[in-house]
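From first to last, the protein sequence lines are chains A and B.
Taken in order, the first sequence gives residues 0 to 294; the numbers are from numbering that gives the first Met the number 0.
Taken in order, the second sequence gives residues 0 to 321; the numbers are from numbering that gives the first Met the number 0.
Simulated from the structure, these hints should not be mistaken for laboratory data.
Each residue gets a CB set at the ideal place from its N, CA and C atoms; glycine is no exception.
Among the hints, a few may not be true.
To be verified - Only pairs whose alpha carbons sit at most 27 Å apart, straight line, appear in this in silico DSSO-like list of lysine-lysine:
| # | chain 1 | residue 1 | chain 2 | residue 2 |
| --- | --- | --- | --- | --- |
| 1 | B | Lys-196 | B | Lys-319 |
| 2 | B | Lys-85 | A | Lys-96 |
| 3 | B | Lys-211 | B | Lys-196 |
| 4 | B | Lys-318 | A | Lys-96 |
| 5 | A | Lys-285 | B | Lys-211 |
Claimed, not checked - Ranges between beta-carbon positions, derived for each pair:
| # | chain 1 | residue 1 | chain 2 | residue 2 | range |
| --- | --- | --- | --- | --- | --- |
| 6 | A | Pro-129 | B | Gln-239 | 46 to 52 Å |
| 7 | A | Phe-64 | B | Ala-304 | 35 to 41 Å |
| 8 | B | Glu-200 | A | Ser-133 | 58 to 64 Å |
| 9 | B | Glu-200 | A | Gly-137 | 57 to 63 Å |
| 10 | A | Ile-258 | B | Val-107 | 26 to 32 Å |
| 11 | B | Leu-104 | A | Trp-70 | 52 to 58 Å |
| 12 | A | Asn-67 | B | Thr-206 | 55 to 61 Å |
| 13 | A | Asn-139 | B | Gln-285 | 19 to 25 Å |
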Amino acid sequence: MFELLGISPQALFGQLLIGLINGSFYAMLSLGLAVIFGMLNIINFTHGAQYMIGAFVAWYALQYFGLNYWWSLLIAPIVVGAFGIVLERTMLQRLYKLDHLYGLLLTFGIALILQGFFLNEFGSSGLPYPIPPSLQGGQNLGFMFLPNYRAWVIVFSLVVCLVTWYLIERTKLGSYLRAATENPTLVQAFGINVPRMITLTYGFGVGLAALAGVLAAPIYRVNPLMGADLIIVVFAVVVIGGMGSILGSVVTGFALGIIEGLTKVFYPEASNTVIFVIMAIVLLLKPAGLFGRTA
Amino acid sequence: MTTAAYQIDAPAKTTTLTHQYVAFGIMTAFFVVAPIFIYPVFLMQALCFALFACAFNLLIGYVGLLSFGHAMFLGTAGYISAHAAKVWGFPPELAILTGTAASALLGVLAGALAIRRQGIYFAMITLALAQMIYFFALQAPFTGGEDGIQAVPRGIMFGFLDLSNQMTLYWVVLAIFLFGFLLIYRIVHSPFGQVLKAIRENEQRATSLGYKTDHYKLIAFVLSAALSGLAGATKAIVFQLASLTDVHWTMSGEVVLMTLLGGLGTIFGPVAGAFIIIAMQNYLAQFGQWVTIIQGLIFVVCVLAFRRGVIGELGRYLKKPL
Numbered sequence: 000m001f002e003l004l005g006i007s008p009q010a011l012f013g014q015l016l017i018g019l020i021n022g023s024f025y026a027m028l029s030l031g032l033a034v035i036f037g038m039l040n041i042i043n044f045t046h047g048a049q050y051m052i053g054a055f056v057a058w059y060a061l062q063y064f065g066l067n068y069w070w071s072l073l074i075a076p077i078v079v080g081a082f083g084i085v086l087e088r089t090m091l092q093r094l095y096k097l098d099h100l101y102g103l104l105l106t107f108g109i110a111l112i113l114q115g116f117f118l119n120e121f122g123s124s125g126l127p128y129p130i131p132p133s134l135q136g137g138q139n140l141g142f143m144f145l146p147n148y149r150a151w152v153i154v155f156s157l158v159v160c161l162v163t164w165y166l167i168e169r170t171k172l173g174s175y176l177r178a179a180t181e182n183p184t185l186v187q188a189f190g191i192n193v194p195r196m197i198t199l200t201y202g203f204g205v206g207l208a209a210l211a212g213v214l215a216a217p218i219y220r221v222n223p224l225m226g227a228d229l230i231i232v233v234f235a236v237v238v239i240g241g242m243g244s245i246l247g248s249v250v251t252g253f254a255l256g257i258i259e260g261l262t263k264v265f266y267p268e269a270s271n272t273v274i275f276v277i278m279a280i281v282l283l284l285k286p287a288g289l290f291g292r293t294a
Numbered sequence: 000m001t002t003a004a005y006q007i008d009a010p011a012k013t014t015t016l017t018h019q020y021v022a023f024g025i026m027t028a029f030f031v032v033a034p035i036f037i038y039p040v041f042l043m044q045a046l047c048f049a050l051f052a053c054a055f056n057l058l059i060g061y062v063g064l065l066s067f068g069h070a071m072f073l074g075t076a077g078y079i080s081a082h083a084a085k086v087w088g089f090p091p092e093l094a095i096l097t098g099t100a101a102s103a104l105l106g107v108l109a110g111a112l113a114i115r116r117q118g119i120y121f122a123m124i125t126l127a128l129a130q131m132i133y134f135f136a137l138q139a140p141f142t143g144g145e146d147g148i149q150a151v152p153r154g155i156m157f158g159f160l161d162l163s164n165q166m167t168l169y170w171v172v173l174a175i176f177l178f179g180f181l182l183i184y185r186i187v188h189s190p191f192g193q194v195l196k197a198i199r200e201n202e203q204r205a206t207s208l209g210y211k212t213d214h215y216k217l218i219a220f221v222l223s224a225a226l227s228g229l230a231g232a233t234k235a236i237v238f239q240l241a242s243l244t245d246v247h248w249t250m251s252g253e254v255v256l257m258t259l260l261g262g263l264g265t266i267f268g269p270v271a272g273a274f275i276i277i278a279m280q281n282y283l284a285q286f287g288q289w290v291t292i293i294q295g296l297i298f299v300v301c302v303l304a305f306r307r308g309v310i311g312e313l314g315r316y317l318k319k320p321l
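Can you make the complete structure from the sequences, with help from the hints?
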C-alpha cells in the first residue's frame with residue numbers, strides 16, 4: 000500500500016506523530032481559550048504569550064534555580080496563572096460591561112508588550128531546553144521509532160484535557176461554573192462569589208497555556224515568538240470546533256493536528272494553510288462550528 | 000446585541016456638518032503646505048496608511064465589525080499592482096486599479112465567509128483568513144518570498160505625470176487619499192451609511208425593519224477591502240516594493256491601533272492615528288523591539304482609559320462630532 004502511494008511508512012508515521020504533538024498543543028490551548036471565553040466572554044489574545052512565558056519560566060527555573068522539568072510542570076502554571084490573576088483584577092475586570100471586542104484589543108496589546116519585552120531580552124533565535132533524563136531515548140515499535148518524550152507529551156496532554164473536562168462537567172465546582180456561564184446574576188443571588196470565580200477561571204485557563212508551554216519547551220526550543228503564530232492557528236481551531244463544548248475543543252484540536260500532519264505527507268505545500276481552509280469549509284457548512292451552539 | 004457599547008457620542012446630525020467641512024478644509028490645507036517643511040516620503044507613507052485606517056474604520060466604526068485581518072487587502076493589492084507594473088508593464092494607474100480590484104475580489108470571498116459569524120468570531124475568522132493569505136504570499140512563485148517584489152517601476156501616470164518626480168508623486172498620492180477619504184465620507188452620510196449604523200447599534204432591530212443586514216455588511220466589507228487595496232497598491236508604487244510585512248498579522252494589528260488611537264467611528268480619527276503611529280515608528284526605528292512594546296502600551300491605555308481616541312476626545316471637547 001505504501002509502495003503504491005510512493006510514501007515511506009516512516010515518513011507517514013513520523014508526520015502523524017508530529018501531528019499528534021501539534022494536536023496536543025492545539026487541544027490544550029483551545030481548551031483554555033474556551034474555558035476563559037465561557038466565563039469572561041473575552042477572547043484571550045494573550046494566550047500565545049502566556050504559553051511562551053510558561054516555557055520561559057521552565058527555562059529560567061532550570062538555569063538559575065536548578066529546578067528540573069518536573070518542578071517546572073508545577074511552578075510555571077502557578078507563576079503564569081498568578082500573573083493572569085493580576086491582569087484580570089487590574090485590567091480585564093474593567094471591561095466586562097463593554098463590548099467584547101475591547102477585551103480582544105486589550106489582550107492583544109498585552110501580548111505585544113510581553114512579546115516585545117522577551118524579544119528585547121532574549122532575541123528571536125531561541126534557547127535550548129533539554130529533555131528530562133528520565134524521558135530520553137525511545138521505543139522501536141517496528142514500523143517507527145517513538146521518542147519517549149513525545150509519547151509523554153501526547154499522553155500527558157490527553158490526561159490534562161480529560162481532567163479539565165471532568166472538573167467542569169462532573170464536579171460541584173464545575174456545575175457552579177457552568178451555571179455562572181449561563182446566568183451570573185442568578186448564581187450570585189444564591190450566594191456564590193462569581194467575581195472570584197471569574198478571576199480563578201482566568202488564572203486556570205492561563206495556567207493551562209503555561210503548562211502547554213513547559214511541555215513544548217524541549218520540543219520547539221524556548222523562543223519569544225513561539226506563541227504568536229500558534230495562537231492564530233488555535234483561533235482557527237476554536238472557530239472550527241465552536242466554543243460550546245469542552246470535549247469538542249479537545250477532539251477538534253487533536254483531529255486538526257493529525258490532518259495537518261497528513262497534509263505534510265501528501266501535499267506539503269498546503270500544510271500551513273490546511274487548517275484555515277478547513278475553517279472556511281466549516282463556516283460554509285456549519286457556521287456555528289462543529290460542536291458549537293448558535294451564538 | 001454586542002455592538003451597543005461603543006463610546007460614540009450623540010449621532011451626527013446630517014443637517015449641521017459645517018464644522019466637518021471646516022475640519023476638512025484645515026486637513027487639506029495642511030497636506031498642501033506640509034511638503035515644504037516635512038519630508039514628502041514620510042508624508043506619502045502616512046497618507047497611504049491614513050487611507051488604510053479610514054477604510055478599516057468604515058467597518059469597525061460604522062458597522063461595528065472588527066476585522067483583525069485587514070493586512071490581507073493591503074498586502075494583496077500591493078503584490079498584484081507591483082507585479083502588474085513590473086512584469087506586465089502596466090502604467091501606474093492601471094496597476095493600482097488592478098491591485099484594488101484584486102483586493103475587492105478577495106473582500107467578496109473573505110467577507111462572505113466572515114459575516115457568517117459575529118463579534119469576536121468575526122475577528123478570529125478574518126485573522127485566520129489573513130494568515131492563510133500570508134502563507135500563500137510566502138510560498139507563491141510570483142511574490143518573491145522573503146525578498147518581496149523589489150524595484151517596481153513608478154512609471155508615467157495617464158501618459159503625462161512622471162511619477163519619478165517626487166513632488167508629482169506626492170500630489171498624486173494626496174489626490175488618491177482625498178478621493179478615498181471623500182468616498183468614505185459620502186458612504187457614511189448616505190442612506191446606505193445610516194443603515195450600516197443601524198446595524199451597528201442593533202442588528203436584530205434592523206433585520207426586523209426589513210433590511211437584509213448580511214447584504215449591507217458584505218457591501219461594507221467589500222468597500223472597506225477595496226479601499227484598503229487602493230492604499231496598498233498606491234503604497235507599492237510609491238515605495239517600489241511589495242513585501243511580506245504588508246500581509247503579516249502585525250500589520251492588521253497596526254491598523255486597529257491607528258484607528259483606535261485616532262478614535263473609532265470618527266471621520267478624521269484614523270488619519271490622525273495613522274500620522275501619530277507612523278511618526279512614532281520612524282523616530283523609534285533604531286530602538287528595535289521598543290516600538291512593539293510602546294504599541295502594546297498604547298493599546299492598553301486606549302482600551303482602559305481613552306476609548307474615544309484623540310479626535311473623539313477633541314470632538315467631545317468641541318461638542319461637535321468630527
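>> Are any of the numbered hints broken by this structure? If so, which, sorted upward?
In response: 2 and 13
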